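Q: These are the residues of each chain, in order.
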Amino acid sequence: DAKTTQPNSMESNEEEPVHLPCNHSTISGTDYIHWYRQLPSQGPEYVIHGLTSNVNNRMASLAIAEDRKSSTLILHRATLRDAAVYYCILRSQGGSEKLVFGKGTKLTVNP
Amino acid sequence: SQTIHQWPATLVQPVGSPLSLECTVEGTSNPNLYWYRQAAGRGLQLLFYSVGIGQISSEVPQNLSASRPQDRQFILSSKKLLLSDSGFYLCAWSRGLAFYNEQFFGPGTRLTVL
Numbered sequence: 001d002a003k004t005t006q007p008n009s010m011e012s013n014e015e016e017p018v019h020l021p022c023n024h025s026t027i028s029g030t031d032y033i034h035w036y037r038q039l040p041s042q043g044p045e046y047v048i049h050g051l052t053s054n055v056n057n058r059m060a061s062l063a064i065a066e067d068r069k070s071s072t073l074i075l076h077r078a079t080l081r082d083a084a085v086y087y088c089i090l091r092s093q094g095g096s097e098k099l100v101f102g103k104g105t106k107l108t109v110n111p
Numbered sequence: 001s002q003t004i005h006q007w008p009a010t011l012v013q014p015v016g017s018p019l020s021l022e023c024t025v026e027g028t029s030n031p032n033l034y035w036y037r038q039a040a041g042r043g044l045q046l047l048f049y050s051v052g053i054g055q056i057s058s059e060v061p062q063n064l065s066a067s068r069p070q071d072r073q074f075i076l077s078s079k080k081l082l083l084s085d086s087g088f089y090l091c092a093w094s095r096g097l098a099f100y101n102e103q104f105f106g107p108g109t110r111l112t113v114l
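Residue numbers (the working numbering), protein chains in the order written: chain A, 1 to 111; chain B, 1 to 114.
By construction, these hints were calculated from the structure, which means they are not laboratory data. Keep in mind it's a predicted model, so treat the numbers as computed, not measured. One should not assume that every hint holds.
[What the hints assert, rightly or not] To be clear about the criterion: a stretch of chain A counts as covered by chain B if any three or more of its residues have a C-beta under 8 Å from a C-beta of chain B, and this derived list gives those stretches: (1) 41 to 53; (2) 92 to 99.
[As the list claims (entries may be wrong)] With a cut-off of at most 30 Å between alpha-carbon atoms, the simulated BS3-like pairs for lysine-lysine come out as follows: (3) A/Lys3 / B/Lys80; (4) A/Lys3 / A/Lys103; (5) A/Lys69 / A/Lys98; (6) A/Lys98 / A/Lys3; (7) B/Lys80 / A/Lys98.
Positions of the beta carbon are idealized from the N, C-alpha and C atoms, including for glycine.
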């Protein structure tokens, strides 16, 4: 699976929007962009994924750049429960079954 | 809706003792099933995955084994635990090919081998 680059940490205030960036300049045409998060002492949690078009679900929105070399996970109103490590990964057709997380972005939400 | 269960939540076992961790999924049929381990402060390590009953693929050779006796049941076992087997064990499922489908994780079992 292709490599992604994320900031090590970000900070936000409760009730404010959060934009978590991810660079994936070597993405191929069939790679899906997936986001997961891991809260302290819990297993990973799927957040959202997409291919080319922007995606929305009950948890977040995913904005994908037109050239697909970057994407942004948007939490519209951060809550304390959103404090977690967020992982952006690319899943390749024909690639491994395993999820390989990089270091991710540790999001701190201030009350 | 789909639900994934794992038990026990925590386990403390002596070195050399056997292990059996169980995972079940509800609300879906013929899921892909996965066992991961996460050592303290480290990333996910895929141990086994299964695309159907009796079909097990091993990612890392070690003293652990997995079985899938029923469509929605996945079991992780060991005959003799090592200290290095300590970690956070996670079961996950997906609808099909992982590159397209998301994986949903269970609550995990925190295993300490003493």
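Q: Hint by hint, note whether the structure agrees.
A: Hints and how they fare:
1. Chain B is given as covering the segment 41 to 53 of chain A, and this holds because 6 residues of the stretch bring a CB closer than 8 Å to a CB of that chain, at least three being needed.
2. For the segment 92 to 99 of chain A, the stated coverage by chain B is satisfied: 8 residues place a CB nearer than 8 Å to a CB of that chain, which reaches the threshold of 3.
3. Note on A/Lys3 and B/Lys80: the hinted pairing is violated, with a Cα-Cα distance of about 37 Å set against a maximum of 30 Å.
4. Of the supplied pair hints, the one linking A/Lys3 and A/Lys103 holds, its CA atoms being roughly 11 Å apart against a limit of 30 Å.
5. With a C-alpha separation of about 22 Å, the suggested pairing of A/Lys69 with A/Lys98 holds against the 30 Å cut-off.
6. Between A/Lys98 and A/Lys3 the CA atoms are separated by roughly 14 Å; this keeps the pair inside 30 Å, and the hint holds.
7. Taking the CA atoms of B/Lys80 and A/Lys98, the gap is near 26 Å; set against the 30 Å cutoff, the hint holds.
In terms of the numbered hints stated before, the structure departs from hint 3 and from no other.
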